[in-house]
Every structure is written in C-alpha cells, then in structure tokens.
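2 protein chains.
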Amino acid sequence: MASSPAKVVDVHTHMYPPEYVKILESRNTIPLVRSFPGSSDPRLILLSAEVPSLEEASKEQASQDVVVPGRPLTKHYSSLDQKIHFMDTHNIDISVISLANPWLDFLSSDEAGPVATSINNEFSAMCALHPGRLFFFGTLPLTASLNVILSSIAHISQLKYCRGVILGTSGLGSGLDDPALRPIFSAIADANLMVFLHPHYGLPNSVFGPRQEKGEYGHVLPLALGFPMETTIAVTRMFLAGVFDQVRTLKMLLAHSGGTLPFLAGRIESCISHDGHLFASLHGRRTMWEVLREQVYLDAVVYSDVGIKAAVAASGDEGVDRMMFGTDHPFFPPLGTDEDGEWESVGLNAQAVKKALAEGSLESEKVMGGNAVRVLRLFEE
Amino acid sequence: MASSPAKVVDVHTHMYPPEYVKILESRNTIPLVRSFPGSSDPRLILLSAEVPSLEEASKEQASQDVVVPGRPLTKHYSSLDQKIHFMDTHNIDISVISLANPWLDFLSSDEAGPVATSINNEFSAMCALHPGRLFFFGTLPLTASLNVILSSIAHISQLKYCRGVILGTSGLGSGLDDPALRPIFSAIADANLMVFLHPHYGLPNSVFGPRQEKGEYGHVLPLALGFPMETTIAVTRMFLAGVFDQVRTLKMLLAHSGGTLPFLAGRIESCISHDGHLFASLHGRRTMWEVLREQVYLDAVVYSDVGIKAAVAASGDEGVDRMMFGTDHPFFPPLGTDEDGEWESVGLNAQAVKKALAEGSLESEKVMGGNAVRVLRLFEE
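First to last, the protein sequences are chains V and Y. Each residue of the first sequence is one higher than the one before, starting from 547 at the first, in the working numbering. Each residue of the second sequence is one higher than the one before, starting from 547 at the first, in the working numbering.
Hints listed in this document are in silico derivations from the structure and should not be mistaken for laboratory results. Idealized CB from N, CA, C, for every residue including glycine. Be aware that a few hints might be false.
Distance condition first, Cα-Cα at most 27 Å in a straight line; then the derived BS3-like pairs of lysine-lysine [as the list claims (entries may be wrong)]:
1. Y:Lys797 - Y:Lys706
2. Y:Lys553 - Y:Lys900
3. Y:Lys706 - Y:Lys568
4. V:Lys901 - Y:Lys901
5. Y:Lys553 - Y:Lys797
6. Y:Lys706 - Y:Lys553
7. V:Lys553 - V:Lys706
8. V:Lys901 - Y:Lys900
9. V:Lys900 - Y:Lys901
To be clear about the criterion: a stretch of chain Y counts as covered by chain V if any three or more of its residues have a C-beta under 8 Å from a C-beta of chain V, and this derived list gives those stretches [what the hints assert, rightly or not]:
10. 688 to 694
11. 766 to 774
Between the sequences and the hints, there should be enough to build the whole structure, so can you do that?
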C-alpha cells in the first residue's frame, strides 16, 4: 500500500478580512489604511516607526513611490481567492490562517467583544469554503473584560476549523507575564487550543539610532531585529514568571522560529543561575531547554539553514518534530516582479528547510507539514 | 618532532585596573562604586536597570544582601594576581584582557584623553609582568576630539602587547553607523588592530515590562536579552551604513558570539531584499553572510552547543577558524561557592565547545586557542 503523499502546511499565514480592513480605513491613528495620490493601492500603516514619513508623504503629494509610508494593501491581504491562488502557486496543501497584527489590540473594551465574534465567524466561514485546505487561529478581544475574553475562547473552541489563538505580546496591557492572564491561558489550554505567539510592537525606534529615525534604513531594523527580540522577551518573561509551570498544558507556537530564543536559551539559563536575586527563588525550576522541548513549537520562518538547524537543536532530541513550515504571506511580497507568481520569501524558507534537513527526508517532510497535521489535528474531526 | 601542545586562549576577559576603580568611587551617578553597610565588598553599579533598587537599598540599611544593588566588586575585578590565578585554575594559557564596560564613555572631553593614555599604559604594564601570557585590547577616549582619539590609536599601536581596541556601541554619541567615525575605523584598521565590540547599554528597561521595573527578575532580561540585541543592532546598523565596505580591512570580534546575529542574519537579508526603501540603494552590496565570513570574528561566549554550532555555521565554510573562546571573567562568578575555585560560567562555555566540536578535535583546539593565537598574533613580535 502506497503511503499518502506528504502534505505541505503553512502555519504562519495571515489575512485582514474585509470587515477588519473597514475598521482600519475608519481610523486616523496607527494602525490605519490610507490612500495617497499617485499610489495605486491604499497603504497599510502598522508601525509607529513609519510615522515620521507619514506627514512628509502627505505634504509631498507622494509623487515618488519611495516616500509613501507603509506598504501597499493589495488583494493579497484580504482576498480568499488570492490566498488559495498563493497556496496553489507554492504547492501548499493546507494553510492555518490567522488575523495579522495588531489584531484587536487597539479596540475599545466595548467594541472588542463583538468584533472578535464577528471576525472569528468570518475566518470560520472562509475555512468552510475550502474544507480540509483551511484551518485558522482565532483572535481574542483582549481589551474587553475577563468574562468577555473567556466567552470568546468558549466561542472559538466550538468553531469547526479553529485550532488555536493568535496572540500578541501585550496581553491585557502589561505583557504576558501578567498574573491576571492566568485564567485566560488556562482556558486556552483546557480548550486544547495552541497559542500562536506573534510580535507587533518591536522595540522603541530610538534603539535603532538617528539614521533609523530619519528613515534611512526602511523597515529593516524594526522587522528583522525588533520583532524577533519582542517575541524572545515575551517568552522569557513568561518563563521567569512561572507561567509554563502554572499552566503545564499550555502549548505555544512561536513566530519566526522563536525570535532569537534558540540562540539565547543558553545565555538565559546562565544568567539565571548566576543571578543572586533569582537563583534561590527559581531553584528546582524546569530550564528554558525543558520548556522548549515540552511546551513550545517553532515555525520555520527564519530564512536560513543556520537558523533552522539551531531551532531544531534547541528543541531537543525530538526537535524536528516541533518545527512547522510557514510563509508569513501576505507580508514580504517580491519586489519588482509579479506578485501572482512565486515569492522569494517563501522560497528562502523552503530552501532553508531543504538545506538543513535534506530534501525529501522524513525530517524535511515533518517540518514541511507532517508536524502541523499531527500537532494541530488538521483533518475533519 | 612533536607538535607543541594546543594553547587555550581567553579573548573575552575584563579588568578594572585600580586607577579606573578610583574614578568609579569618585562618582555619584552610574557607573559608580559604593559601599553599603553589611556588605563586605563595595558594590559595582553599572546599569540603569539597577537604579530603582539603589535608593531602597540605602534606606533599608541593606541588612539583607539581596536588596543591595549592583554586584560585589571583588578582587577579581582589579587584581592582576587574581587574573593569573583564575587563568591557572582554568588552564588558560593566554588572556587578552580588556577594560570592562562602560570604558571611558562617561568621561568629559577633557578628561578622556589623559585617562585613556594612563589606562592603556596600565594595561601595557600588566602584560609586561607576564610576558607571553597576557595581551590586551586598548581603550579609546571617544568623548574627546577626533585628533585626541587618533592620537590614542597611534599610542596603543606602539604598545608591545596591544592587539586591538574594545569598543562599545555608542561611538561618538550616536552609534557606530555615524559617518564621523569613518577616520577612526580606518585608523584602527590601518594599525592592524582588531575591534572587540562589546555591549553595555542594552535596551530601555521599559521593554522588559512592569515586573522587571519592580526588580522581580534581577539582571536576567537586560543581560541575557538586552546585551545581545544591542550588539546585533550595532553591527546591523554598521552594515546598513556601508561601514564594512568603506573600511574593507576593518576586523571586528563580536562579544557573546555576535549577540543574535548568527540566528538573525537570514532574516536581516530577507528584510533588506524585500524593502522597497533599501533594495535599490543596496543593490550589488555584499550580504551579511559575506561580512560574517570576511570581516567578523565571534567569541564563544554563548553558553550552549546550539549557539556554538549556529555561530560557526553562520561564519561560512571556514567558520571554525573565526571563533575564539572566552570567559567573560570577572563577571558571572559562581554563587554560593568559592570564587577562587572553578567557575561554572567558564565550564558552561568550555563544555559547549566540546559538545559542538568534539573534545580534542582540531576544530575544538582552534576555537579554544589556535584561532586567537593566529588572528591576534599572540606571540612576541
């Protein structure tokens, strides 16, 4: 009996469904969507690092595309047909779609609950249009009351294609090490939902220096360095606060291969065991290495075989069972070539897996899809 | 003819010579050295993250050691005999000593030049007391005028045991991507001196959240995450500013195995090649990978075999020729055991090299000392 062909699964792939785009269009502060004369698509402005150029661009009437802030909000962000086309182009069998940052973090307490329900139902309906090809991570109304948040978890846990929640690092406003989050993490874990941890806030722009603040370096420093460090800080704070021990069944999938966690786990451990303030209180704790191999999964969005190998090794002897391929679509479109064709950003990550784990090997197949199918139960239940 | 036994070299090992300690004792703002009742050694306070607890500690008369801020300034920081004892205890043949952070960054323009001359002469004299066992990285008076800085480079390039300069990330005040630094980098490269890039400023404490600001997590987050990210940001800014191309002979040894650079180099490259602002202007540039294998060296202070392997792999096919063992002595002393014995922090890094590269292998010997002897010319000239 021939074994079924290995599935390719994309666990890191975002959408802004039409309702969400309407919310962004109605806003005057970041995040927002705004049209500029001379720019064919409306622009999506997500990061405060993009603020300085925003006013300039309006003044200059945006005659040159390079001064228009943000990124073009193409159909790749909100069209389900485009998502399926992208999947077909890149031989992706299954996508686990999620709302892109900054999710519902900016909504008022009153708005958040109803919008979350509506957005989660919208994702659910999209998945139902392509049964077996689409699953999703839901979105929580974190600015609402605890009861509303818990109701939202109960809601998405009943949605047929929901397999987890995408979570930023702000929590209820003061980070993921906030003790007030405990019942939320417990409810997520009890519902057997994965947390997909994703950055948005990066680091304060000042840490990148005056030339960054003048816009000389584009988005490179906030995206390439700020994002991964934000994720690393969030997980380390959860670890130091004991969240992984308190909610032993909590499972987290970390964006961008854990940010920098695989490379820094050793230094984190050494700093703890050499810290007079912490050593005694954390005696007998599990190490970051143990948490990595027991409660953490990493996506494969790290753009190098060096990163893939380190991430797999950091996840223990069975690390190759804990890594899952992703694309970060619709972010990082190819420049100057047809966006309907193959994306270099996807190729970079697929090539990195092949180079690190040998194309066609069992290990490679696990990372490219087998792990996601098993861990996230990507079949009709 | 039997080959000479492989040398063990420590390229990351600091001192505060007595003159420097006197300067710190005279200060009322960080960095400073202060004595507290009930604490046997004076305390060294280097980081602004330690400020909140400073006032509290004074008020409470510091009856419990845990509330005393900073770290004990033991003889390990300023005693040459103690450095030699530490080397003997850990079978280290040669140490390349350097002033510890924050170097001379806080001195006035007038003070910096004379203090640099004096400190560099003090390091030189220490090395002369143990010929062949000690070399050093000099210190630059970066707050002084360009002429004074260039004179200081000329001075240290004449000192028999000087092999480079230790540099923080602040440069002349606005970072290492400041065009005004160009003649300084050129002069350093022309003098065949290595730059040892080392963090000090970390990240703003606010990024670690309210529990860090209350002191709950000790020094872990600033040291384990802030320091490596500071280094990574500094190098990436230099790269984006074209410094490595402008001063093609500049060689840099990066502390803590490059911070997070080996893990993030792929993401940096992808972010550049997908950035509309940067792609055109950087066309034809060398990649970060090329800079890593042509102008960058990494120390082996990363506390895990995962980190060692990633750092070696990121440095190219000959990456094992570009990594150099270090200890970070006198930081991270063992807690609760005799500081005159073996240090766990040293063992963690030595074990990581052995685990990553096989004990006794040629590769392991290169990293443990051979590379440093060759690259830094650690012999009488």
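Hints, one by one, checked against the model:
Taking the CA atoms of Lys797 (chain Y) and Lys706 (chain Y), the gap is near 20 Å; set against the 27 Å cutoff, the hint holds. Proximity of Lys553 (chain Y) to Lys900 (chain Y) is assessed by CA-CA distance (about 15 Å); at most 27 Å being required, the pair is judged to hold. The straight-line distance between the Cα atoms of Lys706 (chain Y) and Lys568 (chain Y) is roughly 26 Å, inside the 27 Å bound, and the hint therefore holds. Straight-line distance between C-alpha atoms of Lys901 (chain V) and Lys901 (chain Y) comes to about 23 Å, which keeps the hinted pair within the 27 Å bound.
Distance restraint check for Lys553 (chain Y) and Lys797 (chain Y): the Cα-Cα separation of roughly 23 Å lies within the 27 Å cut-off, and the hinted pair is therefore satisfied. With a CA separation close to 20 Å, the supplied pair Lys706 (chain Y) and Lys553 (chain Y) stays within the 27 Å bound. Using a Cα cut-off of 27 Å, the hinted pair Lys553 (chain V) and Lys706 (chain V) holds, with the two alpha carbons roughly 20 Å apart. For the proposed pair Lys901 (chain V) and Lys900 (chain Y), the alpha carbon gap of about 25 Å is at most 27 Å, so the pair holds.
For the given pair, Lys900 (chain V) sits about 25 Å from Lys901 (chain Y) by alpha-carbon distance, which is consistent with the 27 Å threshold. For the region 688 to 694 of chain Y, the proposed coverage by chain V is not satisfied: 0 residues have a C-beta within less than 8 Å of a C-beta in that chain, short of the threshold of three. Counting residues of the region 766 to 774 of chain Y whose beta-carbon sits less than 8 Å from any beta-carbon of chain V gives 6, enough to reach three: the coverage restraint holds.
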